[in-house]
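Chemist: Each chain is listed here by its residues.
Protein chains: 2
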Amino acid sequence: MTVKKLEWIEAPTKKEKPDPNELIFGRMFTDHMFTMHYTEENGWHQPQVRPYEKISLDPASMIFHYGQSVFEGLKAYRSADNEILLFRPEENMKRMNRSNERMSIPSFNEEEMLEYIKQLIEIEKDWVPGEPGTSLYIRPFIIGTEPNLGVHPSHSYQLFVILSPVGSYYPEGINPVKIKVEKEYTRAAQGGTGMAKTGGNYSAGYNAQEKASNSGHAQVLWLDAVEKKYVEEVGSMNIFFKINGEVITPSLSGSILEGVTRKSIIELLQSWGVPVTERKITIDEVIESHREGKLEEAFGAGTAAVVSPIGAFTIDEAQYQVQDGETGELTKALYDTLTGIQTGTVKDHFNWVTEV
Amino acid sequence: MTVKKLEWIEAPTKKEKPDPNELIFGRMFTDHMFTMHYTEENGWHQPQVRPYEKISLDPASMIFHYGQSVFEGLKAYRSADNEILLFRPEENMKRMNRSNERMSIPSFNEEEMLEYIKQLIEIEKDWVPGEPGTSLYIRPFIIGTEPNLGVHPSHSYQLFVILSPVGSYYPEGINPVKIKVEKEYTRAAQGGTGMAKTGGNYSAGYNAQEKASNSGHAQVLWLDAVEKKYVEEVGSMNIFFKINGEVITPSLSGSILEGVTRKSIIELLQSWGVPVTERKITIDEVIESHREGKLEEAFGAGTAAVVSPIGAFTIDEAQYQVQDGETGELTKALYDTLTGIQTGTVKDHFNWVTEV
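Chains as they are written, first to last, in numbering that gives the first Met the number 0: chain Z, 0 to 355; chain W, 0 to 355.
None of these hints come from the bench; they were simulated from the model.
Take every hint as true, because none was put in to throw you off.
Since the list gives no way to pick one copy over another, a pair counts as held whenever it fits inside one copy or between any two copies.
Keeping only pairs whose Cα atoms sit at most 25 Å apart, straight-line, the calculated DSS-like set for lysine-lysine is:
1) Lys124 <-> Lys53
2) Lys117 <-> Lys16
3) Lys3 <-> Lys93
4) Lys210 <-> Lys93
5) Lys124 <-> Lys14
If we strip away everything but chain Z, and leave its shape as in the complex, we get (with noise of 0.2 Å):
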């Protein structure tokens, strides 16, 4: 399809490009930002790339209120050969759309939008880091703005994509984490929100995030919300166990996100040939396989870590080491393969990468 040049507004100033190793998670902007409206009457208008500037709304603007919202991650790389290079952003799309139906609000037309993205991200193409591990960071989201304190959909929208310059996850490596299996709260349950990118999903968490930070862990291991016994997620990654040669992760319950890291490693597992299942799977099982010396790798898989190694997990006052603590040897291939296709080192048999 075409999709006509975007209407742009250059910012007056541009920011200094910061030190691509002093980069920290989400916390500095490039100097544009994409923004698109929703009324009633005109649907989804007035695509636009402006100045990042701060954004004024009502106080009684929905989104303060009842929390409509929806968000995405993805990243840009910069190739070797200097390519700008994005993974499999059609996913991004269409998982935003889902989340945008169990939320109420508009979807947008898919292709349009990923055109949009790559048109803002040629604008501050200077922006993509190119050292081993950085990336840009792509945020897109969208909030509900009508000024009114009704329980319902909002009438209005405003769909943002803002870009920050993000370094490697494992400044000294990939390195496996302690996670902390939580009994007390939880993260979603079936018929809730937790397939969409929605807001209030991670700022639930807070309370069980910072108990484990306090008791030293890097994560929360989610179990379901009715029995408490099945693994749902970790933080906010997808979870994989190799339990005796088998990869297995969490079948998608519609209370678990649907990772496009997750969707990924399950097609290249089975391009290698390991075999690798998505079925429910109770924390006492895990336990059960750890203790018959069976379990042989665990991690997380998500796009701002991709790949993040489990050295050991806590459930209650018992700890249970993975690998000795070291990363498994799968982890580690899943890791190096898909960063190599996502930074063009490794050959993209799967059409996963799209140049910008």
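Since the structure of chain Z is already known, use the hints to place chain W on it.
Modeler: Below, chain W alone, put in the same frame as chain Z:
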């Protein structure tokens, strides 16, 4: 306690007051609002009344991404003697701090905060309508404002109080509504955020609310997220059943909002010698009592409608009528007494009302 007079900036122009017969809930706001800021260095500081106007936020502000927010809702009434009355406002302040705790937002001094709200209302006193059924709706809310895409509690917040003159919830008298028992979507689970007044709880219900509206229902009746059999809330109100002379309301389970109207109804019924019980109640028990002719009344309770009679409820395809679709005697007595106390026409034996 003594709280110093607030610093305030007067609005340069004043809006015209609306026709009290044409007020729509939460659509018009007064000339001024209250604001206060939080930073780690200064705590809650800079309390101020200033003109109601748009607020300016960085697009990376956490409220837009991870939904860290809490709010409250209460009303100021004009009595026949021209006093301005608040109904149990200290309960709202306490609940807001309980919501803060769940959402990892720093708590505020409740007495001080109530005093600020009173000073704001004093400034806006001409906006409190006096016609029967009207009031000035008070909406305090807090949002995370740090510009940071990291998934963790914000390090800075803004607190606002905005005011909206609202009309009678029942312009043509108190009217029974039809509600739909929701079996697919869920509102909140144990360990989730159901007991907190946070944005995400409300937009999470839009899908179900729209489905209910489309089939001619005013509200959704929520069941528990685990077994989908215990009654939780109706729309954004607490629910009460009168069965065989006894009033029953779901006990506070952690997933149910602790309503100020709910609490007041329980205390009022106790003072009248009407048996009232807080306990788990299944939807099957409600149907069974209906079949046996023992379901005498049903109603929702919340700040907006005060008391909202339920005339019928639908489960799957079956519809059950309560009180021949009329407002029950006890429901009406509760509505009249509560609104009477709130507006000063019924003697306040409980000391619930505070003069501004």
